[in-house]
Amino acid sequence: MNRFLAIVRRDLRLALRQGSDSMMVVMFFVLTCILFPFGVGPEPNILARIAPGVIWVAALLASMLSLERLFLTDYEDGALELLATAPLPLEFVAMAKIVAHWLTTGLPLLIATPLLAILLNLHPDGFWVLVAALLLGTPTLSLIGAIGAALILGARRGGVLLSLLVLPLYIPVLIFGVGAVDAVIGGFPANTHLLILAGMLVVALPLAPFAAAAALRQALE
Amino acid sequence: MLRYANPNRFMRLARVLTPWSAGLAVLLTAAGLWFALVDSPPDYQQGETVRIMYVHVPAAWMSLFCYVVMAVSAGVGVIWKHPVADVAAKASAPVGAAFTVITLISGAFWGKPMWGAWWVWDARLTAELVLLFLYLGYIALIHAFDDPARGLKAGAVLALVGVINVPIIKFSVDWWNTLHQPASVVKMGGPSIDGSMLVPLLLMALAFKAYYIYVLLVKMRAEITAGKVRALRLRQVHGTA
Amino acid sequence: MATFSGDGLTCLRGETLVFRGLDFTVPDGGALVLVGPNGSGKSSLLRMLAGLLAPAAGTLSWDGQPVAEEPDEHHARLHYVGHHDCVKPVLTVAENLSFWARLHGPAGAAGARLAEALDRLDLAHLRDVPGRFLSAGQKRRVNLARVLAAPAPLWLLDEPATALDRASVGRVREAIAAHRAAGGMVVVSTHQDIDLADPTMLDLARFSARLAPAPRAGAEEAA
Amino acid sequence: METASLGEWLDMGGYASYVWPVYGIALAVLVGVLVHGLRALRGEQTALDGLRRDLPSERESNGEA
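Taken in sequence, the protein lines are chains E, C, B and U. Straight run, no breaks: the first sequence in our numbering ends on number 221. Straight run, no breaks: the second sequence in our numbering ends on number 241. Straight run, no breaks: the third sequence in our numbering ends on number 223. Straight run, no breaks: the fourth sequence in our numbering ends on number 65.
None of these hints come from the bench; they were simulated from the model. Yeah, the Cβ is synthetic: ideal placement off N, Cα and C, and Gly gets one too.
Computed Cβ-Cβ distance ranges for the label pairs, DEER-style:
{"#": "1", "chain 1": "C", "residue 1": "F171", "chain 2": "E", "residue 2": "P124", "range": "29 to 37 Å"}
{"#": "2", "chain 1": "E", "residue 1": "R13", "chain 2": "B", "residue 2": "V35", "range": "36 to 44 Å"}
{"#": "3", "chain 1": "C", "residue 1": "W20", "chain 2": "U", "residue 2": "V31", "range": "18 to 26 Å"}
Bound conformation, chain E alone (with noise of 0.2 Å):
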């Protein structure tokens, strides 16, 4: 177990001393949704009806774009090699990259919604369940993502080669997600959205580091 928090560590530290990666994710995700206004125009029902949509939109797309060097580093040093040598399975190295992924980017573009509920005039009881959603679809897409990421390890054009394999499968977190707020903002309970949501997640929990770990050992092959 200490082997695998020791992966976890070192990626943090990676992630940190480069801080400036996570920040480029969460400037990209309020970016992508300050763009909706100027497209859509700025009448404050409009934004209201639209803003789970586009908040989940751009967080996919901000999860997804920082997937692409999920492995991709360690690939190229040769770092991913002597992981695959190490005394524990790949399948837990995959999974610790994830867990790292997942607290330096996915975790981040919880801290940007509070700023995008009230720049896309978001209703004020969507805010909670949208957090919920959030924290319980972005570690579903970071699974989902690193499948993806390392798929594509060795393979041309791999940044949009990820997106194309990536996005048909996140669509189910997607419904579910802006479900959950749309129904709360209804006057529904949410909570069978959300349900759906952690299904999923306890779905990709074991499957995404499975597949990801058979991607990688190709990928060294």
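Based on these hints, arrange chains C, B and U on the given structure of chain E.
Below, chains C, B and U without anything else, positioned relative to chain E:
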């Protein structure tokens, strides 16, 4: 039992089967078209547009069928490391994508007269659109590597992950659709399929399956021969030192 | 007395056959030196021994027990040094090494072993220098110091002497000799001659399917 | 024959401009994929035969047909 990627038994079998499967495909297609276009009554509600159903519904079945075959052969390739299985997955992807495109186009041509719009975010059409992107993702991934064998193995993992996600996507799109569904939209499938429509539907479905087997055999033989050409070229390059 | 052996190893890269029917054994304190022209599969064999590349056929065994059954146990026994020197530019040399040491060996006496490893490869003065300031040779030595920082009986070194000056090659030779004296094993692939004491040579050209037609008369299909 | 005359059949009860394109596009897509496969097969086979002529000395070591 390891055979170094020289699936000769399959190649000999495929060479024999190809002409027969071609003949079967032509026969079934002719029969299917005859019943679909000529020898079946127009629907009392949809009129002649029901004939679009005879392409749309079998194609939708095939788009899912091809993806499942792709995932199963990818799984066999991963577990038993059999090269022919990976080749089968690579060969059935474009065919599946073609059927998905046909489903979407025929769905649009059916929607225009019935609902007045080329595209409606109906649950089945939306799920089909996502399936198309699963196919395109797989095809893009297997061509993104210099070494074809590496591409096939990466594609296999994606196909397996994809096949797990297809029901999840179907469930969430259906749920999403019922939430946003305007009451007036006629269900995509129209009324339940009555007797007279069954014959053309099944015949067209069989025609599509025969076509699929025929194209699969052709594409797999092409892919395996390409593998041999690459091996010989490498041997030519490195040659006996 | 542990022995590390492989029999009938076959390596398939993509669709081309690299080598087949390769056997070897490395006793305690032994040194196996891989020689052969470029492309004969030296690196592939080392990666296979490290568990990175699954053999298309044949088995690797440690004391008779197949390695494939306990990959993590096998990984705990070995250090692999590949072509890349993974020194993170933002982390200092000490941080780099202590991470790998914690990943491999038990935590006890890590500090002492780390200091000793740095001394053995003349890196003590670079202890707190971030990786981005190091030269290629220094990065190579840090990579080799990683092997010393955590004990492991089996060393798999892929051309350890590249980018090293004469003095460093000498230090590497001493480190290997000390390791073998303590009962460790080494499998090295090298072009420059590190002249280890009584090495067993393994010429991969003999097993390479590409460079010579089937090495043994009537090479039957591997069942 | 349900529809009496050919013209009436072609008209498809007024939906001709929807039914026929569907069958046309479906046929085009399917035949396109098939032709692509057939051409690839023929191309690879000629390449293989060509290479086999250039490497006559190559003993078919691992039993390729």
